[in-house]
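Next come the chains, spelled out residue by residue.
2 protein chains.
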Amino acid sequence: MPSSLTTRAWQLPDGIDELLPGAAAQVEALRRQLLDGAARWGYQLVIPPLIEYTDSLLVGVGEDLDLLTFKMPDQLSGRMLGVRADMTPQVARIDAHSLAGQGVNRLCYAGSTLHTRSRSLAASRSPLQMGAEIYGDGSLSADIEVMDLMLSLLDDAGIAASTLTLDLGHGAIYGPILEAAGLDDANLRSQVFDAVQRKSRPDLEALLEGREGSLLGTLMDLHGGVEVLARARECFEAMPEVLAALDELEALSQSLGARFPEVALYVDLAELRGYRYHTGAVFSVYAQGLGEALARGGRYDNVGAVYGCARPATGFAMDLRLLAARLSEAEAGTAIAAPQEEDPAVQAKIRELRAKGETVIVSLGGVRDPRCDRELVNLDGDWQVQVLDSSAVAPGGNGAKA
Amino acid sequence: MPSSLTTRAWQLPDGIDELLPGAAAQVEALRRQLLDGAARWGYQLVIPPLIEYTDSLLVGVGEDLDLLTFKMPDQLSGRMLGVRADMTPQVARIDAHSLAGQGVNRLCYAGSTLHTRSRSLAASRSPLQMGAEIYGDGSLSADIEVMDLMLSLLDDAGIAASTLTLDLGHGAIYGPILEAAGLDDANLRSQVFDAVQRKSRPDLEALLEGREGSLLGTLMDLHGGVEVLARARECFEAMPEVLAALDELEALSQSLGARFPEVALYVDLAELRGYRYHTGAVFSVYAQGLGEALARGGRYDNVGAVYGCARPATGFAMDLRLLAARLSEAEAGTAIAAPQEEDPAVQAKIRELRAKGETVIVSLGGVRDPRCDRELVNLDGDWQVQVLDSSAVAPGGNGAKA
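Residue numbers (the numbering used here), protein chains in the order written: chain A, 1 to 402; chain B, 1 to 402.
Same shape as in the complex, but just chain A:
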């Protein structure tokens, strides 16, 4: 075996990582807590597949998601497959097709996704997503419910509300303002979109070259506390669609503010994030000192149509790994060391202890696992659990001879 192979064989690709025992247990505990939390709100778990035909995975989603998706040919069908880069379109398909898109469906999910490149410098290329969605209700109450659920789950997970900021935006504000600017060149519109998203005034001005595009420039400044909504109302008083969106943001900020008084609210009307499929309120949650959003979501009422059933939808997704990194590490449990013996009496005792929820680790080759603080010993023919003499535990070692 050439040594170059040996030294490379353990290397993971950039942006791809593995979770070792402590961190993996923490992510697993968090995953269960979040799914159980969502279940108590009536959200039912679905498990979408890792891959789908790109025809169904990428229909109706923006170019961003398309470029993030790994694609490969299916040797069975000759068609192109994609590895999911986001589970939201999959769950929309399940609602619209598999569940036949009737009534209100509350669905949740958790699983790995894969990106061709990181969405930001520090981001993983394989986010472990957990999310929840409501289908079939176009009212603001559904938006309030999913944001309430999202913030409640973060609270349950132990993230202090006082460290969080809820960013609010709206997917129906930019469109009318862009229309009003009268830019008909698709390439120019795309460059303008980028400039506004990056909040780059010099770029925007260079692109507009003195045209009447001042409302686009105005939009860029409309971010800050909830008072931004009043300012925006004045700027866009002639645009009823924008005013309707501002009304929604007003109602949302009041309702969420009352439910989570400690969470800071930030309104950003130039937030054009994502896959350009949002039709209503969009939101993100940021934690102090973390550049990436802990969770994000929004309303996207156009997705189901491509699966044969147009349905209103709103929901959020969060990255379990990012969230777990904010939590203090769980304390490792303790274990009982058991001797390696074929004696049915000791086997029965081990089974009994495990059935009670104890961790019992057999000392293979007589070597005790370092996690053990008790041991199973034979006292006058009876198998009993005895606390280990702490001086006999090898400090941080790989186990002491039993």
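It is possible that some hints are incorrect.
Output of the computed footprint for chain A on chain B, the stretches with three or more beta carbons under 8 Å from beta carbons of chain A [to be verified]:
#, region
1, 42 to 56
2, 80 to 93
3, 105 to 119
4, 183 to 189
5, 335 to 346
6, 355 to 369
7, 376 to 385
Calculated from the structure, these hints are not laboratory results. All C-beta atoms in this analysis are idealised placements derived from N, C-alpha and C, irrespective of residue type, glycine included.
Position chain B relative to chain A; hints supplied.
Positioned in the frame of chain A, the structure of chain B alone reads:
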């Protein structure tokens, strides 16, 4: 939107499926039960990545696994990536490299894998694997422990032991017998391997063309109850390596037979399954009426070396979806309907009920979720849970007006 797209957009690739609410909840419950079971035996969870460089994912594994692996270029590095088709080599890498291969490591895992084609007609192309491995112990006791764990987990999951058959084979039997046959052409050896694996006597005879290969033919007949071991001992009395392997199988069948008297034992010495990396005992568990194995595993002591650290290893993996399909469906829980109101008193009551573990579903737009059998009502200014009049519940409907 052309209708051809609409009708195709929901199609899933062959061998790929999604899990809808009832089935997904069952698989999730099973996943937790199995991981918690393994934890009580001291197995620590690790979460390996979905993709790795093929250089590390496929090093040291056989051609079978290579052909099952989806590959695609990494646009960041220009190197080739593979989606894991099996998590066992990943966990071996984690033991050898990430955990520095010291002492005894007991690791477990659960996650989706992906295959370019199904391993059998009915098999999924994306098995949801759960598995457990012991590293660092080359003794038979480790083999016994993982088989004991595997059968105990199946028992905990509610699979009756009396419906199970444990197939035992050994990875060190075929090699010496092939050597004795003196076949030096690699292509011929490969064809002979296939013929023995398929237990095809005509094919084997055609390949050997009257050569002295009779022990290969003998091997093909050595399957059945534990009495096969005694017959094999006579046939291979001149081959000490084979006799040592038979001794191991004898000890294993005695130990497992004592621990699980209801599980049928089947010895198959011509079982050459898998990725050709097994060096010791190999095993599978079959359930009555199911062609696919519920779980399979074995000893493979050569894997860690390619990651810079040779380690003895033994373990098993099972397919959660296959296992869940054997279980009766879990009963769906019941829920409490709550009115959609901003009143802080009702919000507080809902929070309190959820904190107690109740499922509370807000009736968006006044429509009650059909899962609700109770509702939250305001009785003289006090919010209380009341059983719903069963006649008011729409039978199988999508909710009745509250």
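Hints the structure violates: just list their numbers, smallest first. 4, 7
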